[in-house]
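Asks: Given next are the chains, with one letter for each unit.
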Amino acid sequence: MDDVARVTTAAVEAESLVKHYRSRNEVIEAVRGVDLRVETGEVFGFLGPNGAGKSTTVRMLTTLLSITSGTARVAGVDVGRDPDAARRKMGVALQEAGLDPRQTGRELLVLQGRLFDMSAGEASTRAEELLALVELEEAADRRIKGYSGGMKRRLDLASALVHEPDVLFLDEPTTGLDPASRLTVWDEMRRINARGTTVFLTTQYLEEADQLCDRLAIIDNGLIVREGTPAELKAELRERQGLASDPTLDDVFLDATGRTRSRSAGDVQEVSA
Amino acid sequence: MTYAWALGQRALREAWRTPEALLPTLFIPLFFLAVNVGQAARIFPSGSTAFLHGQGYGAFQLPSSLLLAASFGTAALFLVEDIEGGYFDKLRATPIPRTAIVLGRLIAESVKAVLITSVLILLALIFGITIASGVLGFVLLVALTALWAVVYVGFMQLIALKTRSAAATNSAGLVFFPLLFLTPNFVPRNMLTRPMEIAATFNPVTYLMEALRSLILQDLAWRHILPGFAVVAVAGAAMLALNVRMIKHYD
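If you're matching them up, the sequences are chains F and D in order.
If you read the first sequence in the working numbering, its first letter stands for residue 1, the second for the next number, and so on.
If you read the second sequence in the working numbering, its first letter stands for residue 1, the second for the next number, and so on.
Incorrect hints may have been included.
Stated by the list, open to error - Computed spacing ranges between beta-carbons, pair by pair: (1) F:Arg143 / D:Asn170: 44 to 54 Å; (2) D:Ser165 / F:His20: 35 to 45 Å; (3) F:Glu135 / D:Phe181: 36 to 46 Å; (4) D:Glu197 / F:Ser23: 25 to 35 Å; (5) D:Phe181 / F:Glu164: 52 to 62 Å; (6) D:Pro19 / F:Arg259: 29 to 39 Å; (7) F:Lys145 / D:Val135: 39 to 49 Å; (8) D:Leu179 / F:Gly51: 25 to 35 Å; (9) D:Val114 / F:Ser119: 45 to 55 Å; (10) F:Asp214 / D:Thr163: 53 to 63 Å; (11) F:Glu164 / D:Thr163: 50 to 60 Å; (12) D:Ala241 / F:Lys145: 28 to 38 Å; (13) F:Glu164 / D:Thr2: 13 to 23 Å.
To be verified - What the simulated footprint calls covered on chain F by chain D, stretch by stretch (three residues with Cβ under 8 Å from a Cβ of chain D suffice, anywhere in the stretch; the number is not a length): (14) 47-57; (15) 128-137; (16) 214-227.
Hints in this document: simulated from the structure, not taken from any laboratory.
Beta carbons: idealized from backbone N, C-alpha and C, even for Gly.
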């Protein structure tokens, strides 16, 4: 029975997820009813232009933001009803690498372990394993403020993995990185996913989504406007528009969000790494 | 409490690694002590000034410097740094009680305040000031100052959590100066002008200052000491309740 439950439990599920912010004279509808299902073991891409509701959705899924209405579950746990249990199931690396610059990499990982109820010894051992995983052993005892952008991202990834989460949320993990660092982070993501961790990735880089994601969803104006595998989404656009060759994911994105290439300048960035 | 202590240790490491934020906490209060004593000590000679209880004017001024040092807690500014840098969210994504995040900083602040207050008092002893209430008085002096430091920085943390702005939090620290000067800062309360006396009577910092001053100048005078601890207890309870409420509703 447990096995059946495990197979049918999605890694991430959201139903009619809504987030409203109250401003002085108005209510801003940042997310207007998102439905999502991410299967266990997937790398799921979550794309959208700036201000579309990506980060707001991720912050709700990761318990960092209250939910106005709707429900969300991570690894079967309702994030609104039992946020602490949900936090034990997920690892979170947000847009800005959330690190304390005055600690060393090792201190940061050990503290993270302690906050997930590890003993001092267990936390120390786990920190050592993770430093090896993200290849930061040599810099482990240096203060984080001296780390490069890529090193910070890798350490942030490691800190999100301290408690061996079922689901890893990565919010624009490669933004601002040089191509070499970006490739390193991609490799880390693949390795983490190969170990069985579901990855929920938000990104503005379409090639990144194309390279890494099994399935993806595009959000615009607080609503999911496309969902499927990259190949399915391209094939659907090709068929609908009668194109001679397969479109790119950029074309799918622009079609889904009603943008043109000139309008999207600044919203979407295309990169090759 | 384990989580709060783990986060408190981290905050202490942070303080140790930022001496440039710690040193003014020692230097500025000593500077004001020297300046105030230099300006007014000859007006109030110890031999003929009853309220000095036989000590120099420096002993009368020491509580002002201790309260000034207590207002220089850095926890709120480091908290804003955590918020701005994203580490605060990292902590909120862990399954620890939300209150541990604010309590950790307050624990660290209390340790820092005990050390800084002790250093200031020991320096004062070197310059001839004595603690008339003895060893217990010394302990109470350090405890009351440190507790006030925690209460004060706790209120600053509220500003930090509400505004998430270093500038706003920094400005809030300036609130202390009117509170410090609307007290019997230079002379006892009964020697103030009537409007100042009324203002000082309504100012809770007055009772802290009078408690600290009595510990330095007199033997244990509980009628002065207890109101000081009562102020800390009431303000501390309010501060803790508001901090817990604020962090639990932080979005």
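Asks: Check the structure against each numbered hint from earlier and tell me which ones fail, lowest number first.
Replies: 1, 2, 3, 4, 6, 8, 9, 10, 11, 14, 15, 16
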